[in-house]
Amino acid sequence: QKEVEQNSGPLSVPEGAIASLNCTYSDRGSQSFFWYRQYSGKSPELIMSIYSNGDKEDGRFTAQLNKASQYVSLLIRDSQPSDSATYLCAVKARTSYDKVIFGPGTSLSVIP
Amino acid sequence: DTAVSQTPKYLVTQMGNDKSIKCEQNLGHDTMYWYKQDSKKFLKIMFSYNNKELIINETVPNRFSPKSPDKAHLNLHINSLELGDSAVYFCASSQDGVDNSPLHFGNGTRLTVT
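One line per chain: the protein sequences are A and B, in this order. Mapping to this note's numbering: the first sequence position 68 is 68, numbers consecutive. Position in the second sequence (first residue = 1) + 1000 = this note's numbering.
So here's chain B without its partners, still in its complex pose:
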């Protein structure tokens, strides 16, 4: 069973469109994240949810809106896509309250905006 799964794996779209990426984890973790990895491979945190509550919101344009319907799901909706949004987006989860709890990553969604 896949622990953290995200869909779609690839997403190609035009500027100005709106798109969503879905993420689900079956690890029973309390905390879920969205990370963005740019062309230089730098992995930057965007958002974090703990039990459906937004707890980390890094400096991300408000065109990006995360939604967590329950603690096993964290979706990312992006409005008015721009060329600079092209990147790989990783969903991850971890167990809150455990110091050494690592992040478990999904397989990533490669977003290409043309």
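Looking at chain A on its own, in the form it has when it is part of the complex:
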């Protein structure tokens, strides 16, 4: 089983819709979870971090974490064409030192 899994997509949504991105992880002891956005040819940039069960909202973005189900998601409300990118789920593993493991990414396309 891969350590961090995501639907590879591509995921297409119309402009103004809600985009839902999902991620599961295998290490039950993982504590910190991150969503990064990566535009083509650019470096990943942090969108959200979450470490407690429940929802965390930041503008149009909501991260949801369910540690019992080992599941983390990202909702993008009122999707814009500028949101078209690859979204990377990242999990900080339970080790003595920081080790951040990435999922394969989900490609999102927002259609005007």
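The hints are all genuine.
Heads up, simulated EDC-like pairs for lysine to aspartate or glutamate below, C-alpha to C-alpha not over 16 Å straight-line: (1) B:K1044 x A:E5; (2) A:K99 x B:D1096; (3) B:K1040 x A:E5; (4) B:K1041 x A:E5; (5) A:K99 x A:D27; (6) A:K42 x B:D1038; (7) A:K67 x A:E3; (8) A:K99 x B:E1058; (9) A:K67 x A:E5; (10) B:K1041 x A:E45; (11) A:K99 x B:E1053; (12) B:K1071 x B:D1030; (13) B:K1044 x A:E3; (14) A:K99 x B:D1030.
Some chain A residues well away from chain B (every beta-carbon gap over 12 Å; in silico): (15) V13; (16) P14; (17) E15; (18) I18; (19) E57; (20) R60; (21) L75; (22) S82; (23) S84; (24) V110.
Stretch-level coverage of chain B by chain A, calculated; a stretch enters the list once three of its residues show a Cβ under 8 Å from a Cβ in chain A: (25) 1035-1045; (26) 1050-1058; (27) 1082-1096; (28) 1105-1112.
Since the hints were derived computationally from the structure, they do not count as laboratory data. Each residue gets a CB set at the ideal place from its N, CA and C atoms; glycine is no exception.
Starting from the structure of chain A, add chain B where the hints point.
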């Protein structure tokens, strides 16, 4: 000011050559990383240094040798380059000991081996 900077941005070289990529961060972070992103966009950790000490060494060929002269710098030297080494290499840093400390990435070095 650029937080994490790496050079060069592009690197084109032939098989068998040796090349280096340099990385510097001015964020005062304790931990630095090298990640490799292949053509399928999968971002895989290679190495991690904490205060100049190697703490993570994933299954990476020993042709790859990281060096950290101080905690603000982490360089990557690659010997005997192979076609399969072609990828984008990202340097990153984070603050150790802070659970929610995210990674801050450099702009990447696109390595092409011909």
